[in-house]
Amino acid sequence: MAWLKKLVGAVIVLGGAGAVAGWVLSAPVRLDAATVAQLGPGDAAKGKRIFYAGGCTSCHSKPGAEGDARLELVGGLELKTPFGTFVPPNISQDQKDGIGAWSEEDFANAMLRGVSPSGQHFYPAFPYASYARMKPADIADLYAFLKTLPAVAGKAPDHKLSFPFNIRRGIGLWKLLYLSPEPVIALPTGTPDNVIAGRYLVEGPGHCGECHTPRDFAGGVKKAEWLAGAVAAEGSGVVPNITPDGKTIKSWSDADIANYLETGFTPEFDSVGGAMVEVQKNMAQLTADDRAAIAAYLKAVPPHPNGYPARKPAN
Amino acid sequence: MRKLVIAISMLAFAGTAAYADPIKDRQDLMKERGKLAGQISDMVKGKTPFDGAAALDALKAMQANAEKFDVDTLFPAGSDQGKTTAAPKIWEDMAGFKATEDKFLADTKAAVAAAPADADALKAQLNTLGGDCGTCHQTYRIKKS
Numbered sequence: 022m023a024w025l026k027k028l029v030g031a032v033i034v035l036g037g038a039g040a041v042a043g044w045v046l047s048a049p050v051r052l053d054a055a056t057v058a059q060l061g062p063g064d065a066a067k068g069k070r071i072f073y074a075g076g077c078t079s080c081h082s083k084p085g086a087e088g089d090a091r092l093e094l095v096g097g098l099e100l101k102t103p104f105g106t107f108v109p110p111n112i113s114q115d116q117k118d119g120i121g122a123w124s125e126e127d128f129a130n131a132m133l134r135g136v137s138p139s140g141q142h143f144y145p146a147f148p149y150a151s152y153a154r155m156k157p158a159d160i161a162d163l164y165a166f167l168k169t170l171p172a173v174a175g176k177a178p179d180h181k182l183s184f185p186f187n188i189r190r191g192i193g194l195w196k197l198l199y200l201s202p203e204p205v206i207a208l209p210t211g212t213p214d215n216v217i218a219g220r221y222l223v224e225g226p227g228h229c230g231e232c233h234t235p236r237d238f239a240g241g242v243k244k245a246e247w248l249a250g251a252v253a254a255e256g257s258g259v260v261p262n263i264t265p266d267g268k269t270i271k272s273w274s275d276a277d278i279a280n281y282l283e284t285g286f287t288p289e290f291d292s293v294g295g296a297m298v299e300v301q302k303n304m305a306q307l308t309a310d311d312r313a314a315i316a317a318y319l320k321a322v323p324p325h326p327n328g329y330p331a332r333k334p335a336n
Numbered sequence: 002m003r004k005l006v007i008a009i010s011m012l013a014f015a016g017t018a019a020y021a022d023p024i025k026d027r028q029d030l031m032k033e034r035g036k037l038a039g040q041i042s043d044m045v046k047g048k049t050p051f052d053g054a055a056a057l058d059a060l061k062a063m064q065a066n067a068e069k070f071d072v073d074t075l076f077p078a079g080s081d082q083g084k085t086t087a088a089p090k091i092w093e094d095m096a097g098f099k100a101t102e103d104k105f106l107a108d109t110k111a112a113v114a115a116a117p118a119d120a121d122a123l124k125a126q127l128n129t130l131g132g133d134c135g136t137c138h139q140t141y142r143i144k145k146s
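Which chain is which? The protein sequence lines are A and B, in order.
For the first sequence, the residue numbers in our numbering are 22 to 336.
For the second sequence, the residue numbers in our numbering are 2 to 146.
Don't read these hints as lab results, they were simulated from the structure.
Careful, some of the hints might be misleading.
[Claimed, not checked] Distance ranges between label pairs, derived from CB positions:
hint, chain 1, residue 1, chain 2, residue 2, range
1, B, A118, A, T308, 25 to 35 Å
2, A, A58, B, G53, 56 to 66 Å
3, A, A305, B, D29, 26 to 36 Å
4, B, K69, A, K243, 37 to 47 Å
5, B, M95, A, G256, 10 to 20 Å
6, B, K36, A, Q116, 45 to 55 Å
7, B, D103, A, G256, 42 to 52 Å
8, A, Q116, B, G53, 50 to 60 Å
9, B, D29, A, Q59, 52 to 62 Å
10, A, R189, B, M95, 16 to 26 Å
11, A, L198, B, K32, 40 to 50 Å
Quick caveat, the model's predicted, so the values are computed rather than measured.
Yeah, the Cβ is synthetic: ideal placement off N, Cα and C, and Gly gets one too.
Here chain A stands alone, though its shape is the one from the complex:
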């Protein structure tokens, strides 16, 4: 029986080591001092552009808010996904219920590392996997702009998630796989500046890939099918393929794409719909150059077939 004891002992030791390794590997990692040093004092006027590029208000304003009420970032929208229901929190300047008490460094850790001031992981429904590609200076500008917005009291309800997704610590392992500040699409030297500018807007603050790219079993975006379209995380529809092989981007000119982002009209004068309505309202706030850059990048990404199954034939 000695061998059995040994085996049991070995299993316990290995299992224990695995648990320790998992615990260590899943620990929240804050920004290093060098990155924090790059933040600098933010410029609120520049931060406004980042605010709209990032689409903060689409998730963090009260559902159905219009006009100036979209600047009251009180949270409370419900995102119903296969992992459970996520509720974006209050990120207004309220000291207690919002993020009014956060330092610039706290904010940068949330945006670039997905770590809260108390050292917890945020769920990646908050698209920091995209925001991680942002420039520290833009984070500082955004922080300064958010400071100019109203403080609104009221806590949003907690997320309602099922096991095992309700274990926040597990997100640490997810981050090891999917969190990186590197661009998704490597562009060759000599790539025009506006394509590079578009890459930054789309892959970073714009976080377009979060909805337009299919995800794997662990909920990470499949970079090999970047922007190929996906089954919508919420509801029963699909999110279109926006690579040059997608039927829209293929037939639209750069100007058509930019016009769609500005006005919400397709070249056939169909209108924007679904979750893109909120996105388009934000894109309309950017400059014409920014919209043109996004269009140029979308024309330059590798083409992919649709990242969602074909429609079942109608009866």
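Chain A is fixed; fit chain B onto it per the hints.
Structure of chain B alone, referenced to chain A:
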């Protein structure tokens, strides 16, 4: 006599089935809206010169279209199936759906009443009407592959 009644009712039924195609009807009305928005947009963008009378005609046509858009007839129960991108939400929240359509009708009437004097005035009207398109499509339409 009984046979005749049955035959007539069968014919009538077949007739309704052949003619009533609410999905096509509503899609045709939507396409017409798109075409009109396109004409207006061309003037706003200066692709075609601003022509007050033509702009007003387009807005009037938009209003006539909205008046024809009878939700009860065009969205009967069961017409969420088939070649349609109508979201199930329409039938879950019929009152909300009708309210967005009513707002569009009211906005077309307001636009016709305030005949646009120049491209800028027309642009503001197109923004309002286009916003209505988006508000409704945000909730009541789903993209399918």
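Verification of the hints:
1. A118/B <-> T308/A: 25 to 35 Å: Hint holds: Cβ distance 29 Å, inside 25 to 35 Å.
2. A58/A <-> G53/B: 56 to 66 Å: Check passed, 60 Å falls within 56 to 66 Å.
3. A305/A <-> D29/B: 26 to 36 Å: Given range 26 to 36 Å: holds, Cβ gap about 29 Å.
4. K69/B <-> K243/A: 37 to 47 Å: Given range 37 to 47 Å: holds, Cβ gap about 45 Å.
5. M95/B <-> G256/A: 10 to 20 Å: With a Cβ separation near 18 Å, M95/B and G256/A satisfy 10 to 20 Å, so the hint holds.
6. K36/B <-> Q116/A: 45 to 55 Å: 53 Å, holds
7. D103/B <-> G256/A: 42 to 52 Å: 25 Å, violated
8. Q116/A <-> G53/B: 50 to 60 Å: 55 Å, holds
9. D29/B <-> Q59/A: 52 to 62 Å: 57 Å, holds
10. R189/A <-> M95/B: 16 to 26 Å: Cβ of R189/A to Cβ of M95/B: about 40 Å, so the range 16 to 26 Å is violated.
11. L198/A <-> K32/B: 40 to 50 Å: 45 Å, holds
Checked against the numbered hints given earlier, this structure breaks hints 7 and 10; the rest are met.
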